[in-house]
Amino acid sequence: MAYAQALQALGDPTRRAVLEELRDGPRAVGELAARLPVSRPAVSQHLRVLKEAGLVTERQNGTRRLYRVEPDGLAELREYLEGFWEEALANFKAAAEREEGRKK
Amino acid sequence: MTVTVTEMIRKEIFVDAAPETAFRVFTEQVSDWWPLDKYSIYLEEAETVAFEDRDGWRLIERAKDGRENVWGEVLEYEVASRVRFTWHPGRDIGDEPTEVEVTFTADKDGTIVVLEHSGWESLSAKRREGRVGYDNGWPAVLERFKQSAEG
Numbered sequence: 413m414a415y416a417q418a419l420q421a422l423g424d425p426t427r428r429a430v431l432e433e434l435r436d437g438p439r440a441v442g443e444l445a446a447r448l449p450v451s452r453p454a455v456s457q458h459l460r461v462l463k464e465a466g467l468v469t470e471r472q473n474g475t476r477r478l479y480r481v482e483p484d485g486l487a488e489l490r491e492y493l494e495g496f497w498e499e500a501l502a503n504f505k506a507a508a509e510r511e512e513g514r515k516k
Numbered sequence: 003m004t005v006t007v008t009e010m011i012r013k014e015i016f017v018d019a020a021p022e023t024a025f026r027v028f029t030e031q032v033s034d035w036w037p038l039d040k041y042s043i044y045l046e047e048a049e050t051v052a053f054e055d056r057d058g059w060r061l062i063e064r065a066k067d068g069r070e071n072v073w074g075e076v077l078e079y080e081v082a083s084r085v086r087f088t089w090h091p092g093r094d095i096g097d098e099p100t101e102v103e104v105t106f107t108a109d110k111d112g113t114i115v116v117l118e119h120s121g122w123e124s125l126s127a128k129r130r131e132g133r134v135g136y137d138n139g140w141p142a143v144l145e146r147f148k149q150s151a152e153g
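In order, the protein sequences belong to chains A and B. All residue numbers for the first sequence refer to the working numbering, where the first residue is 413 and numbers rise by one. All residue numbers for the second sequence refer to the working numbering, where the first residue is 3 and numbers rise by one.
Chain A on its own, in the form it takes in the complex (with noise of 0.2 Å):
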């Protein structure tokens, strides 16, 4: 269910941006806020998003709520894709090489 989550999080592309600006290093909802086109309420809602779908994880600092990226999510997910093609791919050449022969 992880990447499946995860690959649905990714489907918006704000929330991409939000994660884009964590690879940088952790940040606070409100530094987020100031440097991307939406409001502090729309960021917390994605990083709700984000959270659940196992991309970003929250740690308390002191009195600032760090938000940070969650490497084994994205992992997950790049997995889950690698898989993807490797099936379609070999299926692929199986019916390539049964044309092939149908042509000798």
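Keep in mind the hints are simulated off the structure, nothing from the lab. Treat the hints loosely; a few may be bogus.
[To be verified] BS3-like cross-link-like pairs, simulated, lysine-lysine; straight-line CA separation at most 30 Å: (1) B:Lys13 - B:Lys40; (2) B:Lys110 - A:Lys463; (3) B:Lys13 - B:Lys110; (4) A:Lys515 - B:Lys13; (5) B:Lys40 - A:Lys463; (6) B:Lys40 - B:Lys66.
[What the hints assert, rightly or not] Here chain A is said to cover these stretches of chain B; the calculated rule only asks that three of the stretch's residues, wherever they fall, bring their Cβ under 8 Å from a Cβ of chain A: (7) 14-26; (8) 51-61; (9) 72-82.
These numbers were taken from a predicted model, which means no experiment stands behind them. Every residue, glycine too, gets a C-beta built ideally from N, C-alpha and C.
Add chain B to chain A, keeping to what the hints say.
Same frame as chain A, now just chain B:
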């Protein structure tokens, strides 16, 4: 630590068939090899997926009841050599598509097929406000995939 989705995915496979054949099967006989029952928008209701020429070539999935979903648009192609198309199953065309490029290169008696799925890095959406909605396409597909993979 940064294994990211933003890196290009690259797959290479040797096909024991001429580049012309490989290209033709890839572009004209998609339904013969695409695992439609697992990877599609309509799943068991899916009937075909094919590149069709409609205002330019598009990769279109069709359900038994006639519903359609455009997965991508061909950006360029060169017969027996390569094809490049946008990739956005279950989503709108304008919704930050990623891109797939497939090249066919003769090698010995067969063809090296290289598939590159890129555009994850196009987080150039960075400064843009995006639409919030997301069709229910891939997530459902992925869930099915997971179920069958874990069977």
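Status of each hint after checking the structure:
1. B:Lys13 - B:Lys40: With Cα atoms ~20 Å apart, Lys13 of chain B and Lys40 of chain B stay inside 30 Å; holds.
2. B:Lys110 - A:Lys463: Violated - the C-alpha atoms of Lys463 of chain A and Lys110 of chain B are around 49 Å apart, more than 30 Å.
3. B:Lys13 - B:Lys110: 19 Å, holds
4. A:Lys515 - B:Lys13: 27 Å, holds
5. B:Lys40 - A:Lys463: Holds - the C-alpha atoms of Lys463 of chain A and Lys40 of chain B are around 27 Å apart, at most 30 Å.
6. B:Lys40 - B:Lys66: Between Lys40 of chain B and Lys66 of chain B the Cα gap is close to 16 Å, so the pair holds against 30 Å.
7. 14-26: holds (count 9)
8. 51-61: Check failed, 0 qualifying residues.
9. 72-82: Three-residue rule not met by the stretch 72-82 of chain B, so violated; n is 0.
In this structure, the hints that do not hold are numbers 2, 8 and 9, in rising order.
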